[in-house]
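Quick note, the sequences are listed as chains G and Z, same order.
Mapping of the first sequence onto the working numbering: position 200 corresponds to residue 200, and the numbering continues sequentially without gaps.
Mapping of the second sequence onto the working numbering: position 143 corresponds to residue 143, and the numbering continues sequentially without gaps.
Honestly, the hints are just simulated from the structure, not real lab data.
Among the chain G residues that face chain Z by a calculated CB cut under 8 Å, a handful are: (1) Pro-141; (2) Lys-143; (3) Asp-144; (4) Gly-146; (5) Glu-173; (6) Cys-176; (7) Val-178; (8) Asp-187; (9) Pro-190; (10) Gly-191; (11) Pro-193.
Ideal Cβ positions, reconstructed from N, Cα and C, are used throughout, including at glycine.
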Amino acid sequence: MAKITIDNQEIECRDGIPVLQAALEAGWDVPHYCYHPGLSVVASCRLCLMEMQLPHPKTREMGWAPKLFPSCQTPVKDGMVVRFDSGAVEQNQKACMEYFLLNHPLDCPVCDQAGECHLQDYSYKFGESESRMHDQKQVNPKKDIGPQTLLYSDRCVMCTRCVRFAEEVSGTEELCIVNRGGRAEIDIFPGIPLDNPMQGNVVDVCPVGALLDKDFLFKKRVWFLESGDSVCPGCSTGCAIRVDQSDNRVQRLKPRYNPGVNEWWMCDEGRFGWKYVHDVERVTRPRLRRGAEMETPAWESLGEIVRYRFEQQVDRHGAAKVAVLLSPMMACEEAWLLAKFVRELAPDATIATGFVPMVGEERCFPVGCNADDAKFVIRREKCPNGRGVELVAEHFGGSTCDFDGFVTKAGEGAFEAVWVVGGYSEEWVPKALATSLAKIEMLVVQDMFESALTGEAELVLPACAWVERDGSFVNHAGLIQPFERAINVPDGARRDGQYLFGLAGFEGLYSGARVRALMAEEMDAFREIAEAPRQPAHQH
Amino acid sequence: MAWKTIDRNEPVVDAGATPVLTEAIRGKIESFFPRYPTKRAVLLPALHVIQDALGFIGWQAMKEVADLLEIHPSAVFDTISFYTHFWTKPRGEKVVTVCRSISCELLGGREVLEAVKDHLGIGEHETTGDGKYSIAVEECLAGCDHGPCLLVNERMHKCVKAADVPALLADAGNADHGLPRSDLFDGPVVDDDRDDGVIASTSDVVEMQDSN
Numbered sequence: 001m002a003k004i005t006i007d008n009q010e011i012e013c014r015d016g017i018p019v020l021q022a023a024l025e026a027g028w029d030v031p032h033y034c035y036h037p038g039l040s041v042v043a044s045c046r047l048c049l050m051e052m053q054l055p056h057p058k059t060r061e062m063g064w065a066p067k068l069f070p071s072c073q074t075p076v077k078d079g080m081v082v083r084f085d086s087g088a089v090e091q092n093q094k095a096c097m098e099y100f101l102l103n104h105p106l107d108c109p110v111c112d113q114a115g116e117c118h119l120q121d122y123s124y125k126f127g128e129s130e131s132r133m134h135d136q137k138q139v140n141p142k143k144d145i146g147p148q149t150l151l152y153s154d155r156c157v158m159c160t161r162c163v164r165f166a167e168e169v170s171g172t173e174e175l176c177i178v179n180r181g182g183r184a185e186i187d188i189f190p191g192i193p194l195d196n197p198m199q200g201n202v203v204d205v206c207p208v209g210a211l212l213d214k215d216f217l218f219k220k221r222v223w224f225l226e227s228g229d230s231v232c233p234g235c236s237t238g239c240a241i242r243v244d245q246s247d248n249r250v251q252r253l254k255p256r257y258n259p260g261v262n263e264w265w266m267c268d269e270g271r272f273g274w275k276y277v278h279d280v281e282r283v284t285r286p287r288l289r290r291g292a293e294m295e296t297p298a299w300e301s302l303g304e305i306v307r308y309r310f311e312q313q314v315d316r317h318g319a320a321k322v323a324v325l326l327s328p329m330m331a332c333e334e335a336w337l338l339a340k341f342v343r344e345l346a347p348d349a350t351i352a353t354g355f356v357p358m359v360g361e362e363r364c365f366p367v368g369c370n371a372d373d374a375k376f377v378i379r380r381e382k383c384p385n386g387r388g389v390e391l392v393a394e395h396f397g398g399s400t401c402d403f404d405g406f407v408t409k410a411g412e413g414a415f416e417a418v419w420v421v422g423g424y425s426e427e428w429v430p431k432a433l434a435t436s437l438a439k440i441e442m443l444v445v446q447d448m449f450e451s452a453l454t455g456e457a458e459l460v461l462p463a464c465a466w467v468e469r470d471g472s473f474v475n476h477a478g479l480i481q482p483f484e485r486a487i488n489v490p491d492g493a494r495r496d497g498q499y500l501f502g503l504a505g506f507e508g509l510y511s512g513a514r515v516r517a518l519m520a521e522e523m524d525a526f527r528e529i530a531e532a533p534r535q536p537a538h539q540h
Numbered sequence: 001m002a003w004k005t006i007d008r009n010e011p012v013v014d015a016g017a018t019p020v021l022t023e024a025i026r027g028k029i030e031s032f033f034p035r036y037p038t039k040r041a042v043l044l045p046a047l048h049v050i051q052d053a054l055g056f057i058g059w060q061a062m063k064e065v066a067d068l069l070e071i072h073p074s075a076v077f078d079t080i081s082f083y084t085h086f087w088t089k090p091r092g093e094k095v096v097t098v099c100r101s102i103s104c105e106l107l108g109g110r111e112v113l114e115a116v117k118d119h120l121g122i123g124e125h126e127t128t129g130d131g132k133y134s135i136a137v138e139e140c141l142a143g144c145d146h147g148p149c150l151l152v153n154e155r156m157h158k159c160v161k162a163a164d165v166p167a168l169l170a171d172a173g174n175a176d177h178g179l180p181r182s183d184l185f186d187g188p189v190v191d192d193d194r195d196d197g198v199i200a201s202t203s204d205v206v207e208m209q210d211s212n
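Please model the complete structure; the sequences and the hints are all you need to start from.
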């Protein structure tokens, strides 16, 4: 740990990081555009300049050097003394801001970035209310540069973060800087659009409103958004994300900094893959078969009915004929509650882990790198909690099996009462499973969409989307990461965790943290969980 | 879209078009490979070779040189657009380059540029219909003490007045250099062993090969 002095305050910081990063981490809000901790340092925006003490060339006495230094490009050194609160630094910030705003169209009222724009924030802090520019502004064009992205280069401050992202992280190099000096702009080679699985991140790294996400374009002013800290369910990487919602509808997903997992990034698959959440075809009400009729029972009476019918089955066929299929789309807490409930009713019940969708190959970025050097990996395992449900199944022990084993056993007629959990955004039920489970006496299906199984079920329960639930997912590397609820469940539905909490014999309101505390008493793994660090303003 | 947006997704290079880089040009570019640590580093000499051979570097040539050097076409576009020396559109026989830097500007450079534009009826970085003239603007022509300056090809005209422009452009000898070219000029070298007159290499490549 190096000790440096910023504005007369001594702070401790990690060795070798830039002074700017140390200052940001210690709580200083140093303005900057081109610096991003995940990208190479170019020191081109000149906004983060600082004053630094250097030894006098003759007397060797320490004193403030006459020039300013870019804090993003100066690594910390033990005993270093710098300052951001001097007149020279402020003057530079003012001058830079004036320069950045020279050609800016000042179209905040119609700009998507307004409200979360670094140009707005810094302008408010360091800028002037009036422009001294009396010449015609240089107006760069608005360009469509890809299927998901627009570039309004009139708003661009030429920080080149997007270009560096495409070079260093996605490795696809579609973006370039054309022309030079005051006429420079970001562009693509015409006809080779910005179209790669990571491209959405260029919108996130853009500190101003130049790069725009077509998916979110003109959808919502950002100050109406409320956020929940979540984890992406798209694959087993487990990227920390922020779910931005308003009026109980998801508006967009953004990555959160999560060292060692997704760093600052997320893939487009996850970013745009939430649309099914608001699908009108979703199962939102419980459905119970009484004779030939299906009816919608009251949630309050459901616990008793389920318990009674399961007990009947146990009495009739024995506990070994009962099985539960835990979906890797469930949170660990929900899986634990369901397994607990089933094993209490039927101690010999089989606990199976559910279908794990595998698509294609692992995709490593920058493209062309090998898995060890990858800065980001999109995994082929398209579910968030494969490890989590395995952990739960292992914990309960006894008769357990994987999905293939379950399908085989079900085909052999090993079960008479089965609780199947789905929750996938796409069709997942294999034909063989549908045929064999259609014959059994009692089938409970907890799923998000109608399938071949829901038609045969005695009881259909709505499975909620991950943004409507809270709990934790265990990623491919075994990291347990909690996620928050961002929106409410659809009308008529109830959170999976809530009804499973009741079934497992607990009273009151379900919360992920509460169940985790109960789980931690039995399972050591849940004593400590990994949470992505909170980031201060203007840190990325 | 609420505003006028330029669609950059439209391809400008036809995938099935015949290559514009001839075997000779490719061969010459490849002769530079041993001199640089990476193929990417050969980009600038390659662009010079192409512009010398074709007169300009169009979209198709950019794409082809990118494939040859195994880099993304956007990197070629990036480099070409940085240097005003490179032309992306056909260039006239004579290029009138007008300085727009501060000394010339103060002495009436802007009026000279306007006069050139008016006289030729074209804008900056454009070429007249008959292919005779193109206009370029540069930051400095290193003649600040004799502004406003303009170049016709490599001939420098100093202290140009807007009123002189029509006469200057009507003069057939306006591009005459007057001086013999320096020996240091790296002109193309014709391979003696070949009788088709194909450019084999540049003088400095030959020099380097000789010294080995």
